[in-house]
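**Student:** Knowing the structure of chain D, use the given hints to seat chain G on it.
In order, the protein sequences belong to chains D and G.
For what it's worth, the numbering used here labels the leading residue of the first sequence as 1, then goes sequentially.
For what it's worth, the numbering used here labels the leading residue of the second sequence as 1, then goes sequentially.
To be clear, the hints were calculated from the coordinates, so they are not data collected in a lab.
Watch out, some of these pointers could steer you wrong.
[Unchecked claim] Calculated lysine to aspartate or glutamate pairs in the DMTMM-like style (CA-CA distance at most 25 angstroms, straight line):
(1) K78/G with D125/D
(2) K314/D with E89/G
(3) K299/G with D122/D
(4) K299/G with D139/D
(5) K118/G with D125/D
(6) K329/G with E89/D
(7) K299/D with D331/G
(8) K78/G with D139/D
(9) K329/D with D139/G
(10) K314/G with D247/G
(11) K45/G with D215/D
(12) K329/D with E89/G
(13) K314/G with D303/G
(14) K78/D with D303/G
(15) K299/D with E74/G
(16) K118/G with E74/G
(17) K329/G with E356/G
(18) K314/G with E29/G
(19) K299/D with D139/G
(20) K78/G with D331/D
(21) K329/G with D125/D
(22) K45/G with D302/D
(23) K31/G with D122/G
[To be verified] Here are some, though not all, of the chain D residues that point toward chain G, as calculated from beta-carbon distances under 8 angstroms:
(24) R70
(25) T75
(26) L79
(27) G87
(28) G90
(29) W116
(30) R298
(31) P304
(32) S305
(33) L315
(34) G317
(35) F319
(36) M333
(37) L334
(38) H348
Just so you know, even glycine gets a beta-carbon here, dropped at the ideal spot from N, CA and C.
2 protein chains.
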Amino acid sequence: MGSAFGFRVDHRCPHTGARAGTFSTPHGEIKTPFFMPVGTRGTVKGVRPAELSAVGTQVVLANTYHLVLRPGTETVRKLGGLHRFMGWEGPILTDSGGYQIFSLSHLTSIDDEGAWLKSVVDGSDVRFTPEGVMDFERDLGADVIMALDQCPTDPEARPDVEQATERTHAWLDRCVARWRAHGGVEAGQALFGIVQGGAFPDLRRASVDAVTAHDLPGYAIGGVSVGEARDAMRVAVESSAPLLPEDKPRYLMGIGTPLDCVEAVCAGIDMFDCVTPTRHGRTHQAFTSEGRVNLRNRKYADDPSPIDPGSDCKLTGSFSKGYLRHLCKADEMLGAILITLHNLRFFHRLMEEMREAIAAGTLLELRERVIAQGRSHAE
Amino acid sequence: MGSAFGFRVDHRCPHTGARAGTFSTPHGEIKTPFFMPVGTRGTVKGVRPAELSAVGTQVVLANTYHLVLRPGTETVRKLGGLHRFMGWEGPILTDSGGYQIFSLSHLTSIDDEGAWLKSVVDGSDVRFTPEGVMDFERDLGADVIMALDQCPTDPEARPDVEQATERTHAWLDRCVARWRAHGGVEAGQALFGIVQGGAFPDLRRASVDAVTAHDLPGYAIGGVSVGEARDAMRVAVESSAPLLPEDKPRYLMGIGTPLDCVEAVCAGIDMFDCVTPTRHGRTHQAFTSEGRVNLRNRKYADDPSPIDPGSDCKLTGSFSKGYLRHLCKADEMLGAILITLHNLRFFHRLMEEMREAIAAGTLLELRERVIAQGRSHAE
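Isolated chain D (complex conformation) (with noise of 0.2 angstroms):
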C-alpha cells in the first residue's frame, strides 16, 4: 500500500484489545478511535463545516445511496467532487448504498448482479451493482470508499444471512477489481471491504477471511446495527473485530451509543459512524455526563445551568437548559442545531478521552463511567 494512506497503532490498552492509532489520508491524518457524523446529502444537518471541525470532527460520513439520488454524483464531480462541493477539507468516507437496500427494502429488488432501488426523489428506478457503486463512490471522490455488501434482513435467520455473506463477498470481488481499474489507492482512495455474517460466531469468522483475503487499506463489520438485539452485537464484534488484521483500521458501520462505542473500542474497533448525536440532536435530546436530558421538560423552563456542566463545547456551553427549552418549545430551529453541536462535542470527547485513556491503560475506568452514565443513557 503506498500513497497517501497508512495506518500506525500509537498505544494499546495493557487491559483489553483497544488500541490507539493515526490514520493517514489524502486529507488529512486522522487519530483514532473517532467517530464520524453522518452528512446524509452532502451536509450534517444544520452544521456548517466550519463548526464541525470546531467541535472536533475529524472525519465526515456521506450516503452514497442519497447522493445519487440528489443532486446525482456527476453533479458532485463536476461541482469539484464531495470535498469542494460541502466545504468540508478534512477526510470523508461514502457509503456504498448496501444498508439502503436493506433499509429500504420495500423499494428494493435485489440478486447476484446487483439490486434496483425505487427513488424517493423521483420513483424511478436505480441500479446499484458493485462497480456501479465504485463509479459512484469514484465521481464523489472521499477519502474512503465503502464496498458494496448486503446486510442479512434478520441476523439470526442462517440461511438469509448465509446467503446475504456469500453475496457480499462475491461482490467484494468485483468492487476491488473496478477500484484496482480506477487507480487504487494511487486513485487518492482507499476501498475498506465489509465482513458480515449476521450474529453467527462462525459465519463471521469465515467472513474475516474471505474479506482479508484482500489486501485493503481497512475493513468494517457491517450488519450489526440493523438488529434489536445488543447481546448478537457484542458477539458479532467480539467474533470478528479480533481476527481483523493489526495493521490496518476496523470500522464498525452504523454504532451507536457511547457504552456501545466503548464497548466496540475494548474489542479493537478504531472507528464509527451513526445517526445518534445529530437525530437526538434535532429531537431534543442532549447526551450529557449525568445521562440523557430532554431539553424539552418543563422542569428546565427556569434552569440558568449549561446542558452539561462537565461538557467543554465551545459552542454551546454558554447557553442555559431553560433558553434551550424556551427554542425547543418554540421550535426554533436553534434550538436543535445548539443540541445537535452539544452532542457531536460529547461523541468526538468520548473518543479523545477513550484514546487518552489507552495510552494511560486507565480504559477499563472509562468504561465503568460510561456504564454508569448509559444507564441514563438507554431511558
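**Tutor:** For chain G alone, kept in the frame of chain D given last:
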C-alpha cells in the same frame, strides 16, 4: 442625558441629509447607519450569536409580544435578562408590541387604556398597556426599549390615522412616566418615542412635535411598513426625519429593502430593522451585488460560482450556487442558514458602505448603484 447612552455625529454627507454617527449603549458602541436582524423569540432564526458577530451584526432586535407569550418576561428576567438568555453580549433593542397589535388585529381589541391580544400560543388574553409594556421591557432588559404605539390600519385614511396618532402620543406620555419611575437612562435602558401620522405630512410634522416634546435618547418613525404604497412611505420619512433632533439617533421601523434603506439614510435615518434578509434566506432568496438570486432555480444546479462574487462574507463565500441549490431542493436546514447569513452580511455591508460613502462624499454614487441593483431586487 447621563449614563452610558450617547449619540455623536461623526460625518455629514455634503449632498444629502445623511449622517454617520456613533451610538453608545451599555453594551457597546454602534456605528451608524446600522441594520438590526430580527430575533423575534430571542433568536435570529438558525443563527448563533457568534455567527451574527461574524457577519457584522452590531445590534439585535427582539419582539416583546412574542417573548411575553413564550417563555414570559419573568422567565427571561430569572434567566439573567435577554442578553444572557440569548447569549448576545452586544446591544439589544426590544419593540413594544405596537406592531403586533396592528398586524394581528383579528386577535386584538384596543381602546385608550391599552390593548388585549389573544395569545397565539395558548389562546389566553394578554394585556398590553403603556405601563405594562414598560414593565415587560424592563424585565427583558434590552438597551433600547420602544414606547407602545398604535399603527393606523390604513395610512391614507385620515380619521383613522388621526386617532392612532393621538393615542400614540397619549401612550408615550404614560410610557415616559413609567420609564422614569424605573430610573430612566440611569437604569441602563434608553426609551425611544415613535412618530406616527400615516402618509400625511402635516400629521407627521405634528407628531414629531408631540413626540420630541419629551427629551428622549432617540426617536423612531413608525407605521411606514404597514402600507403597500412606497410613495406614502417616502412622504412619511421625508416629512418627519429632517425635523427630528440632530443629536439623537433616528430609527425607521420595519424597513426594508436595500433601496429603501439607502433612500432613508439620505433623508437622515440612522437605524433599521427588517425581516427581509432572514425571511428571504429561509425561502432561499439571496440579495447580491447583481440583484436578487433564487437559489432553487434549476439553472444553478451545476454552477460552481459563489452566491455573490462581490460578497465578502467569510462564513458563506466558499459555497457554490450548485451546492446551495442542492441543499434548498433537499430541504436541508443548512441552505436556509447559509443564505440567511449571506443576506445579513449583505445588509450589514451596505450599511458599512453607506458610512464610508457619507464620510467620502460619495453617497449619491452608492445610491445610484443600489437603484440599479434594486431593479433586480424588486423583481
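**Student:** All the hints need checking, so say for each whether the structure fits it.
**Tutor:** Hints versus structure:
1. K78/G with D125/D: violated (57 angstroms)
2. K314/D with E89/G: holds (16 angstroms)
3. K299/G with D122/D: Between K299/G and D122/D the Cα gap is close to 19 angstroms, so the pair holds against 25 angstroms.
4. K299/G with D139/D: Holds, at about 21 angstroms.
5. K118/G with D125/D: violated (51 angstroms)
6. K329/G with E89/D: holds (24 angstroms)
7. K299/D with D331/G: violated (33 angstroms)
8. K78/G with D139/D: violated (54 angstroms)
9. K329/D with D139/G: holds (21 angstroms)
10. K314/G with D247/G: violated (35 angstroms)
11. K45/G with D215/D: At roughly 50 angstroms apart (the allowed maximum being 25 angstroms), D215/D and K45/G break the hint.
12. K329/D with E89/G: holds (24 angstroms)
13. K314/G with D303/G: holds (20 angstroms)
14. K78/D with D303/G: Measuring from Cα to Cα gives roughly 9 angstroms; hence the hint holds.
15. K299/D with E74/G: holds (16 angstroms)
16. K118/G with E74/G: holds (19 angstroms)
17. K329/G with E356/G: Answer violated: K329/G to E356/G is near 38 angstroms, above 25 angstroms.
18. K314/G with E29/G: At roughly 23 angstroms apart (the allowed maximum being 25 angstroms), E29/G and K314/G satisfy the hint.
19. K299/D with D139/G: holds (21 angstroms)
20. K78/G with D331/D: Holds. K78/G to D331/D sits at ~22 angstroms (cutoff 25 angstroms).
21. K329/G with D125/D: holds (20 angstroms)
22. K45/G with D302/D: holds (22 angstroms)
23. K31/G with D122/G: With Cα atoms ~40 angstroms apart, K31/G and D122/G exceed 25 angstroms; violated.
24. R70: Constraint on R70/D satisfied, holds at 6 angstroms.
25. T75: holds (6 angstroms)
26. L79: Holds. Min distance 5 angstroms.
27. G87: The hint holds - G87/D has a Cβ within 8 angstroms of chain G, the shortest such distance being about 5 angstroms.
28. G90: Violated. Min distance 14 angstroms.
29. W116: Cβ of W116/D sits 22 angstroms from chain G, so the hint is violated.
30. R298: Violated, about 11 angstroms.
31. P304: holds (6 angstroms)
32. S305: violated (10 angstroms)
33. L315: Since the shortest Cβ distance to chain G is 7 angstroms, the answer is holds.
34. G317: violated (10 angstroms)
35. F319: holds (6 angstroms)
36. M333: holds (4 angstroms)
37. L334: holds (5 angstroms)
38. H348: violated (18 angstroms)
Checked against the numbered hints given earlier, this structure breaks hints 1, 5, 7, 8, 10, 11, 17, 23, 28, 29, 30, 32, 34, 38; the rest are met.
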